[in-house]
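Trainee: Protein chains in written order, with the numbering used here: chain A, 260 to 395; chain B, 5 to 421.
Treat the hints as calculated values from the structure; they're not laboratory data. Just so it is clear, CB atoms sit at the ideal spot from N, CA and C, and this is done for glycine as well. Treat the hints with care, as some may be off.
As the list claims (entries may be wrong) - Beyond 12 angstroms from chain B on every Cβ pair, some chain A residues (computed): (1) Glu342; (2) Ala353; (3) Lys356; (4) Asp357.
Unchecked claim - List of simulated lysine-lysine pairs, DSSO-like, C-alpha gap at most 30 angstroms: (5) Lys361/A - Lys268/B; (6) Lys344/A - Lys21/B; (7) Lys64/B - Lys373/A; (8) Lys22/B - Lys373/A; (9) Lys298/B - Lys10/B; (10) Lys373/A - Lys96/B; (11) Lys64/B - Lys268/B; (12) Lys64/B - Lys96/B; (13) Lys384/A - Lys412/B; (14) Lys409/B - Lys356/A; (15) Lys327/A - Lys409/B; (16) Lys421/B - Lys313/A; (17) Lys313/A - Lys393/A; (18) Lys412/B - Lys313/A; (19) Lys344/A - Lys384/A; (20) Lys346/A - Lys313/A; (21) Lys373/A - Lys10/B; (22) Lys412/B - Lys356/A; (23) Lys411/B - Lys323/B; (24) Lys411/B - Lys346/A; (25) Lys344/A - Lys412/B; (26) Lys10/B - Lys361/A; (27) Lys373/A - Lys409/B; (28) Lys323/B - Lys327/A; (29) Lys26/B - Lys373/A.
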Amino acid sequence: MNKETAADAIEELYREEIMDHYQNPRNFGEMANADASYHDYNPVCGDEITMQLKIENGTVTEAMFTGKGCAISQAAASMLTEEVKGKTIKGAVAMTKDDMLKIIRINPGPVRVKCALLALRAMQKGIVQYEAGKAK
Amino acid sequence: MRLNTKKIREDFPILKKKVYGKPLVYLDNAATTQKPRQVIQAMDSYYESYNSNVHRAVHKLSQEATQAYDDAHEKVAEFINAEGIEEIVFTKNTTESINIAANSLARHLKKGDEIVLTQMEHHSNIVPWQQAAKKAGAKLRYAEINNNGELDMQQLHSIISKNTKVVAFTHVSNVLGTINQAKEIVAAAKEAGAISVLDAAQSVPHMPVNVKELGCDFMAFSGHKMLGPTGTGVLYGRKEMLEKTEPMLYGGDMISEVSFEDAKWNELPWKLEAGTPNVAGAVGLAAAVDYLQKIGMENIHGHERMLTRIALKRLQGIKDVAVYGPKDAAKRGGLVAFNLNGAHPHDVSAFLDAAGIAVRGGHHCAMPLARLLGIAGSTRASFYLYNTAEEAEKFTETLEEIAAKLKKPTPIPESRK
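Using the sequences and the accompanying hints, generate a full structural model.
Mentor: Written out as structure tokens, the structure is:
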């Protein structure tokens, strides 16, 4: 990709869709009786995300988040809540870094990739915790 | 005297670079500075014509390299008005310098002793002391900052007592920009019988610093923040202090005599410089000192104050901008940290980057200070001798444009069953 111009560089990182999700986050808020709930943060940049899921028969039926931080981390969380609905928890846990980057359709570069992955990691930790709780 | 930035800029090849097709505006000098060709050429010349190990071989190249390496110590000693090369230890950065001091002083600490730091320290002047305190069972105490981002001197004096063994503090804060009253703090430490350690990473590169006048026992700074190559730093110690300093690394060049059972240490400063040193770095650092001295540290300080004044004034004119540290440029080093209300520093820096403006966004290795200020981080612009008034203005103008784009309404959380 040609990143030679300033407009390209910034547009790539902050596409309209990213800015839209950042400024008008979807599924933003708290869920009563969530099955999986996990708060994660990145101490280095102060980004925070709480991901909550409703799970029925091994499938995610509802996803919500709250948080604060940079546009990339918050937009990624918002987009992930839309994407994960209807996925099996097995599929959700198996999602990779590349899967997440495909959802947000940006290349955040080595420094900010953690911002893009924060919501995914929080969700996956939440599911692992949920399954561990069920196994008891 | 006003700096001729046009002429100065010609010495810095990187400043001709374009990023994303725009001229580079480099405002991340508190992290590391760019290098003039005089420094680059001095290092090339070492590698091309007298590359050799130092202090051992009698061959010609080694003699030349040894001379250059020792001369670099001499030059740095003169630059900060130290007694001589026995007071100048070359390290890789400020962090290593502080660690050498902390590691050695830790051996003399005992339970009940206190180490006084300030709330505005960089991690490199906190973590080594935390470890020293843990080993000895000593206690850390913090001098507090007031609303203006300056040290509360009254409170500082009140926590220095007969239990205080070390007072370690920054000369210029890398976030607030505050220039601390180093002379007064060193004197207070001395009166209490404590050892003073000055973190001069943000002062020595930017203003005249005279160790005799300050009276500090130790002082640490980085060569790469003052036009020198990366991998260069300095630990200054009063001779009496360095004589008592235990090495952190053991091995070659730091010994005078070794038997199968034991070893005797070499003379200063070499006992604290184990192993083959960064000779090219030292040569580059010496060239950097030459360059700075030619321009004059007082002139550099004045130039940065002018840029800081412009930036402060313009930033205060932008709606929703919070600036940290003293409002008066005369009380500050050449850096300004700020937040755009509601926007994350990483977003602000990314948008500035797209305009070719390099700044730093984050906690600036001072997490406790950020927490104290109630922020996750800030965006910081830091100046140096090659920055121009136009650049300071371009930075603030770009920021004004960004402010509108990054505005985020506070989302209203839903509540679902």
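Trainee: Now tell me, hint by hint, if it's right for this structure.
Mentor: Cross-check of the supplied hints:
no., hint, in the structure
1, Glu342, "holds, 18 angstroms"
2, Ala353, "holds, 26 angstroms"
3, Lys356, "holds, 19 angstroms"
4, Asp357, "holds, 22 angstroms"
5, Lys361/A - Lys268/B, "violated, 62 angstroms"
6, Lys344/A - Lys21/B, "violated, 47 angstroms"
7, Lys64/B - Lys373/A, "violated, 52 angstroms"
8, Lys22/B - Lys373/A, "holds, 28 angstroms"
9, Lys298/B - Lys10/B, "holds, 16 angstroms"
10, Lys373/A - Lys96/B, "holds, 29 angstroms"
11, Lys64/B - Lys268/B, "holds, 28 angstroms"
12, Lys64/B - Lys96/B, "holds, 27 angstroms"
13, Lys384/A - Lys412/B, "holds, 29 angstroms"
14, Lys409/B - Lys356/A, "holds, 28 angstroms"
15, Lys327/A - Lys409/B, "holds, 18 angstroms"
16, Lys421/B - Lys313/A, "holds, 10 angstroms"
17, Lys313/A - Lys393/A, "holds, 14 angstroms"
18, Lys412/B - Lys313/A, "holds, 28 angstroms"
19, Lys344/A - Lys384/A, "holds, 17 angstroms"
20, Lys346/A - Lys313/A, "holds, 11 angstroms"
21, Lys373/A - Lys10/B, "violated, 40 angstroms"
22, Lys412/B - Lys356/A, "holds, 27 angstroms"
23, Lys411/B - Lys323/B, "holds, 11 angstroms"
24, Lys411/B - Lys346/A, "violated, 33 angstroms"
25, Lys344/A - Lys412/B, "holds, 26 angstroms"
26, Lys10/B - Lys361/A, "violated, 46 angstroms"
27, Lys373/A - Lys409/B, "holds, 23 angstroms"
28, Lys323/B - Lys327/A, "holds, 21 angstroms"
29, Lys26/B - Lys373/A, "holds, 28 angstroms"
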